[in-house]
Amino acid sequence: MADPVDVLVVGGGSTGCGIARDLAMRGLSVTLVEQGNLTHGTTGRMHGLLHSGGRYAVSDQASARECIEENRVLRDIAGHCVETTGGLFVQLEDDPDEYFEQKLEGCRECDIPAEVLTAEEAREREPYLTREVKRAIAVPDGAVDPFRLCVANAADAVEHGARVETHAPVTDVLVEGGEVIGVEVEHESGPGKRVHTKPGTTEEIRADHVINATGAWAGRVGEMAGVDVEVRPSKGVMMIMNVRQVDTVVNRCRPKGDADIVVPHETTAILGTTDVEVEDPEDYPEERWEVDLMIETLSQLVPILSEARTIRSFWGVRPLYEPPGTGTTDPTDITRDFFLLDHEDRDSLPGMTSIVGGKFTTYRLMAEKISDHVCEKLGVSAACRTAEEPLPGSEDFSVLREYMDEFGLRSPIGRRSVQRLGSRADEVLKTAEPNPVVCDCEAVTRAEIRDAIEGAGSDLNAVRIRTRASMGNCQGGFCCHRMASELHPEYDEETVSAAWDELVQERWKGERHALWGEGLSQAALNYQLHGTTMSLDREPAVADFAAFDSGTETATDGGKSDGD
Amino acid sequence: MSDAESTDEFEPVQVFPESEEMDLRPGADDCYKCSTCDSECPVAAVDDEFPGPKFQGPEQWRLKRKDDTETDDSVMSCSNCMRCDSACPSGVPLSQMHNTARGSFVENQMDKLSREYIRNRILSNYGTLAWFGSKVPRLANAVMSSSVVQTVNEKVMGITAEREFPEFAEQTFREWWSERDGATVQSDEKRVAYFHGCYSNYNTPEVGKAMVRVFESFGYEVMVPPQKCSGTPMFANGMLPDARRAAETNVAELSAAIEDGADIIASCTSCSLSLRQEYPELFDLEGIEDVSAHTYEALEYLRIHEDLSGALEESEVDPRKFAYHAPCHARNQGLAGQAIELLDGVEGAEAEDVGDSCSGISGTYGWKEEKYDTSMKIGAEMFHHMEEAEPDAGMTECPTCAMQMEHGTGYEIRHPLEVIAEALVE
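Heads up: the protein sequence lines correspond to chains G and D, in order. As numbered in numbering that gives the first Met the number 0, residues 0 to 563 make up the first sequence, in order. As numbered in numbering that gives the first Met the number 0, residues 0 to 425 make up the second sequence, in order.
Isolated chain G, as found in the complex (with noise of 0.2 Å):
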């Protein structure tokens, strides 16, 4: 059996590769398993706001504060994942003026730049804002990619020597002499990186401590070592409309309520959200009145909205905590504190510490506390530096570039290209094979795909992820069988066309959710390019229509299939 590692994380979301990232730049050795992809669990189902902490001016002030902090420093350290847009917190004419002053303030006291726009002004920034609109304020909210700043982490947690497992289900948690002393996980296709048909096998990875970063998940890893964590899940629903309607994070200003939120994101916007607790984080009813909520209420916001095109929708779950005894009723006054949970403290269980609840937007901090915690628990005295080093492909880079002349691609996808890449689009870009675009919606070409299986395996939603290929207009109607190309000659037929069929199954899982007007004359179409010319409508069933016609039951994956 291998030596024990320092530090074994399990959970590939935001915190564990920012704790993973953070042990690792600190010289600790370090271990990440996760089940799924990096992201699969509610960091791959999150609606892309970096916060200024201006949602939470009014209840949260504690969190409020930590946003704009974690906000100023994300924009250093990972400017390639962040775009700057702004938000604004639109009051509409019947919105509460008291609850718009209290939202100033807050911000006021809270340190978060806040400047209060006229409705001419509101709607100069944003045109295609109701006419309805009272007056708004303006604060620096800003868009963030989790999908490439949680990557991110991961590769520059490997380059600090950390290995990273993906498709590494946590399968038990091993208890000796009253101590946690590591896990056991199987690996869906072997260790290393993921080749679909390639044959499964265990292993037990001890380590000195053991940290559960599984989010919503969290009180599963906590039950296999005998310790209750009492996460309460909440699902919201998001989703994705075709274009960008608006550039600026538009929040409704008014007290807590469903659908109050519109961000842009990449090419897309994303809408937003319920606050619903369930049971179960995998299993859970995908409902339709979540989706015309959507609609229906943010289009009083953004009236273009009622007309404009949805893409696809998905659910994620709020992996929300609260101590034991606390008994809140309704999950939106539930905190959005994170928690550390010492189980040697709390449940006389040494090696172990879970972290629970908290936001993406500070995953950062919160990796740096139980990071402290751990190194303290470990004797280790090296401070945390996650807040100074520039993640890769965030070293100086400019989007200002002769995208023709340097990488031979037409301006808008070179620009797309080099947005997504950052710093690393020389690395990526410069090559001197052929170079076609390989999915058109977003500017995706070949070398990026190459790039992603490189660092991906045969796994095609990992390099969705990394690339954002087959996330479009088309939903990867004309790009899954091209990604799906790019892993051969390396690997062979059978794994392709595993690797293929996962993909296009995953596609259709948030697409089900959009299928009216051009959504449903897309999903045609693509079912009938498929289906003809490329035979995917054979047995076994690319898609679980079953799933779908029940209504209200739930189409989840089992961790096959990952993020949106």
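It is possible that part of the hints are untrue.
As the list claims (entries may be wrong) - Just the calculated beta-carbon pair ranges, DEER-fashion:
1) Ala255/D with Glu97/G: 49 to 57 Å
2) Met403/G with Thr150/D: 27 to 35 Å
3) Arg287/G with Lys376/D: 49 to 57 Å
4) Glu123/G with Thr248/D: 28 to 36 Å
5) Trp515/G with Asp289/D: 29 to 37 Å
6) Asp180/D with Thr117/G: 57 to 65 Å
As the list claims (entries may be wrong) - When the alpha-carbon atoms are kept at most 30 Å apart in a straight line, the in silico DSS-like pairs for lysine-lysine are as follows:
7) Lys429/G with Lys65/D
8) Lys133/G with Lys65/D
9) Lys65/D with Lys255/G
10) Lys320/D with Lys208/D
11) Lys133/G with Lys255/G
Hints listed in this document are in silico derivations from the structure and should not be mistaken for laboratory results. All values derive from a computational prediction rather than experimental measurement. In this text, a Cβ means the ideal position worked out from N, Cα and C, and glycines have one as well.
Following the hints, position chain D against chain G.
Only chain D this time, still in chain G's reference frame:
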């Protein structure tokens, strides 16, 4: 967007002069990437470097963020034939996207001192050039047809020496109109305002005269309001401020004519398409929607309001066979079959449709030295079909299609109105 008038529904945001940000991203919602536009694009068919209308339009727009002003330079290879508009099964505003992107490219990325810009500016302001030329038509014709001038044009200006410059008429349509003291028929009920455009004014006044004779024979009072270029060559060259200035005059003058009870008719199908479609898509001017709604192609108008086919049944012309080419811009207005159907009823006239290909010249496009070969490759199919038809003459509504037809085959080219006038009036 002007706040006072706008509604909350999607409407294009005004381009010039207040704002360069016309947001057409929502137009990409209608695209499901089927690529029918690409397969119908005549430029993409012969130029492998041209990425096609799907890229130029919905893809490029969708990839934009608010502050992205950069447009790929390939938009200058689009000829603005607008076939993609009618190809699209889903109503994507392709030509509007192309026109706007091209305008933005010229505004933000083109060197205003470059040969290409100066040449394009001159070509797109053909009306101004023709105004000077028509002051001294014989001299201008002699100069423009000299091979020395043609060579200089090509070397210095990038205007191809392969083509014969169109001759200026010795008397413009407007000169003829004022010489005859305007309308000879007065009517309060039946009134049309003629948008003659540049070409039938300066180069082929016989088309305008034919139009007047035909309409007067049906009892219409013809008005000829002051007017400027319809904007077609300006759109195709991304010269949107020029087009807007011309549109301001045209919309004001044509609105006044509508006020006087007239509908607008044009003999050039690109002029009518511009007033109908491009004006409201690109400019936000008082009355522009009204002008759009009241504009017709001349024969289309008669077919709607008069029994034109009935009148032609009695008619006869000297026996002649025409090889008819429907201009892309006529096709976009649903007029591709009109001339053939009408001439079918005229004793003596025979018209054969030479197919649905593009002539390739697309206004000023085929005049550019670097586009000449592309233009001729696109035209090859039409030339072939014309020769197969073994006609006595060619026929089309579009002046530049006519240039291309003549250039590629040597046939003389007539306008359907000329034959209709011969049938009905002479």
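Query raised in the report: Against the structure shown, which of the earlier numbered hints fail to hold, in ascending order?
Result: none
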